[in-house]
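Next come the chains, spelled out residue by residue.
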Amino acid sequence: MPTHLLGLNTWLDGLVRVLLVVLLMTVTAMLLIWAERKLLGRFQARIGPQRTGPFGLLQSVADALKLIGKEDLRPRNADAWTFELGPYLVFVPIFLGFVVQPFMAGFHIRMLDLGILYFVAVSSVSIVGWVMAGWGSDNRYAMLGGLRSAAQSISYELPFVLSLLSVALLAGSLNIDDIVVGQAGVPNIVWQPLAFMIFFIAALAELNRAPFDIPVGESEVVGGPFVEYSGIRWSMFFLGEYAGLFITGVFVSAMFLGGYAWPFGLQLGIGFQLLLTALKASLLIFLVIWIRGSMPRLRIDQLMGYSWKVLLPLALAQVVVNGFVLVYGLPRIVLTIVGLAGVVFLVWVTERAVRRPRVPRPAAVALGSEAAS
Amino acid sequence: MRGLAKSMLTTLSVFMRPPVTRNYPNVHRPLPERDRAFPLLLWDKDIDEPFCTGCHACERACPVECMTVLMKDNPNHKSVGGTSSRRKIIDKFWIDYARCMRCNVCVEVCNFDAIAMNNTWSGHETAVHDRKDLVMDLPQLLALSRGGAIQEWVPVLGKANEA
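Protein chains in written order, with the numbering used here: chain A, 1 to 373; chain B, 1 to 163.
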């Protein structure tokens with residue numbers, strides 16, 4: 001039975017929860033934009049925003065005001081409905097994903113028994129928004145970006161879901177809260193290091209973050225689906241991106257790092273549980289920003305190849321191993337050993353792929369010589 | 001993979017170091033004493049009048065003709081019961097900072113060490129809304145030296161002779 005906040009009736013309760021989602025997400029997204037700019041500044045030996053408010057904290061507010069003031073342009077040839085609705089379809093599903101995130105024991109916007117399924121289903125809807133934005137803009141760069149986004153999201157959805165599946169297998173539940181409570185002793189990352197790595201990489205790709213920011217690569221597709229957008233619609237994409245970053249941070253910390261339950265158990269005060277979740281999410285977000293500050297962008301073929309040839313088989317193998325361990329009642333330490341071996345294998349495969357000299361395919365060579373002659 | 005780890009470590013080490021960005025408009029870096037901004041007139045504190053006698057040497061030497069100098073009889077000269085030994089003194093002086101190219105020629109030709117290059121930040125932050133505001137008149141040219149803001153530069157040779 002979902003409890004009602006503050007003893008309100010069902011409708012008011014629902015309204016308060018919706019308001020909570022919208023306000024929390026917007027504020028966190030703005031803070032994250034500020035944090036990312038500050039951190040990236042430091043990673044590049046700069047200072048970052050500093051002139052708006054203390055430490056530049058109001059930079060996002062200033063940006064938001066500027067963007068709201070800008071004209072909401074639509075190209076004459078754009079497909080009106082697709083173009084205008086695209087941004088909403090990008091950020092609404094991400095806001096919906098917020099609903100099932102566990103922040104502390106006993107409080108969610110809504111606790112669903114099929115929480116993981118809901119999260120996966122809802123978060124992948126935003127691909128439609130990307131493709132709509134790309135197609136509706138009637139711009140080649142935008143369409144290329146939209147198609148790349150679709151290809152990337154669909155490919156990485158598989159390892160993403162399979163690594164979640166292996167966690168769910170272990171916990172015996174699809175309820176996110178159950179999974180967190182089950183980690184009160186040992187977090188899942190100990191049992192499932194490989195699944196964690198796969199999930200993290202796939203989540204980076206799902207978020208279109210560096211080094212997987214191919215759909216929005218400025219140097220290749222001049223910003224991808226954003227090209228034709230301006231003002232408030234453009235800001236919606238970014239709201240969605242940073243809200244997604246926040247949600248992914250919370251979700252990964254709940255799935256693999258023990259959420260609010262580890263390492264202090266469930267008896268911890270509610271406020272401290274919230275802090276613990278925030279701390280874990282912040283560390284993950286810091287890692288994501290750190291990676292963005294360090295890695296060059298992948299090529300599209302490397303990106304697809306890495307998903308289908310490396311991550312997907314490894315994720316499948318992880319699910320199979322989990323099945324064997326659970327069915328035959330093997331000790332859990334087997335999972336850790338196999339998982340660590342998997343991580344080593346993943347690193348080795350990546351190393352090999354990085355070191356392999358790039359040999360152009362014969363067709364490409366032929367085309368090149370034709371162009372030359 | 002080793003390359004990836006290396007790149008992550010590089011960015012981390014940069015992250016740990018303080019940023020190289022100078023916090024310029026908030027913090028002004030100290031300028032060297034020979035910093036050369038725009039020319040100024042110096043104030044003779046002993047007699048309480050400008051050093052400049054209005055001899056036109058700088059005006060004639062100025063390659064971009066940014067100066068206008070007018071001379072007058074010194075009302076404070078000893079012959080009329082004053083304290084100064086300068087028979088002639090500057091009456092009006094304009095320098096167009098918009099035209100000046102900071103070549104230092106006026107300082108070098110001055111026989112009375114009456115003109116010097118501004119070595120404070122006020123000589124660099126001279127943005128104005130109207131170009132006409134860059135034409136400085138006598139009180140403006142003397143103000144900094146009279147207020148004691150200009151550090152007079154003593155040549156190394158002079159320092160050696162003093163010692």
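One should not assume that every hint holds.
To be verified - Here are the simulated SDA-like cross-link-like pairs (lysine to any residue), alpha carbons at most 25 Å apart as the crow flies: (1) A/Lys309 / B/Arg2; (2) B/Lys6 / A/Val22; (3) B/Lys78 / B/Asn104; (4) A/Lys66 / A/Val22; (5) A/Lys70 / A/Trp234; (6) B/Lys88 / B/Gly123; (7) A/Lys38 / B/Lys78; (8) B/Lys6 / A/Pro54; (9) A/Lys38 / B/Thr53; (10) B/Lys6 / A/Leu85; (11) B/Lys6 / A/Arg356; (12) A/Lys38 / B/Asn26; (13) A/Lys38 / A/Leu67; (14) A/Lys38 / A/Arg356; (15) A/Lys38 / A/Lys309; (16) B/Lys6 / A/Pro296; (17) B/Lys6 / A/Leu40; (18) B/Lys6 / A/Ala80; (19) B/Lys92 / B/Glu59; (20) B/Lys6 / A/Val344; (21) B/Lys6 / A/Lys66; (22) B/Lys92 / B/Asp73; (23) A/Lys309 / A/Met295; (24) A/Lys66 / A/Leu85; (25) B/Lys6 / A/Lys70; (26) B/Lys6 / A/Arg297; (27) A/Lys70 / A/Ala80; (28) A/Lys70 / A/Gln59; (29) A/Lys309 / B/Asp73; (30) A/Lys309 / A/Arg209; (31) B/Lys6 / A/Thr350; (32) A/Lys38 / A/Arg17; (33) B/Lys6 / A/Gly329.
Simulated from the structure, these hints should not be mistaken for lab results. Nothing here was measured: the structure is a model prediction, and the numbers come from that model.
Exercise. With a cut-off of 25 Å on the C-alpha distance, tell me whether B/Lys6 and A/Lys66 pass.
Key: Distance of about 39 Å is beyond 25 Å: violated.
Self-check item: Pair hint outcome, B/Lys6 versus A/Arg297 [Cα-Cα no greater than 25 Å]
Solution: Satisfied, since the Cα-Cα distance of roughly 16 Å is no more than 25 Å.
Exercise. Please work out if B/Lys6 and A/Ala80 have their alpha carbons no farther apart than 25 Å.
Key: Cα-Cα ~47 Å, so violated.
Exercise. Assess, step by step, whether the Cα of A/Lys66 is no farther than 25 Å from the Cα of A/Leu85, and give holds or violated.
Key: 22 Å, holds
Quiz item: Quick one, are A/Lys38 and A/Lys309 close enough, alpha carbons at most 25 Å?
Solution: Given that 25 Å is the threshold and the Cα spacing comes to 36 Å, the pair is violated.
Quiz item: For the pair supplied as a hint, A/Lys70 and A/Trp234, is the alpha-carbon distance within the 25 Å limit?
Solution: 10 Å, holds
Quiz item: Quick one, are B/Lys92 and B/Glu59 close enough, alpha carbons at most 25 Å?
Solution: 12 Å, holds
Practice problem: Could you grab the alpha-carbon distance between B/Lys6 and A/Pro54 and see if it respects the 25 Å cut-off? | Solution: This hinted pair is violated, its Cα atoms lying about 34 Å apart.
Quiz item: Regarding the pair B/Lys6 and A/Val344, is the alpha-carbon distance no greater than 25 Å?
Solution: 18 Å, holds
Quiz item: Does the alpha-carbon distance linking B/Lys6 and A/Pro296 stay inside the 25 Å limit?
Solution: 13 Å, holds
Self-check item: A/Lys309 paired with B/Arg2 [C-alpha distance capped at 25 Å]
Solution: 21 Å, holds
Self-check item: Given pair status - B/Asn104, B/Lys78, alpha carbons within 25 Å
Solution: Measuring from Cα to Cα gives roughly 33 Å; hence the hint is violated.
Hint violations for this structure: numbers 2, 3, 6, 7, 8, 9, 10, 14, 15, 18, 21, 25, 29, 32 and 33, all remaining hints satisfied.
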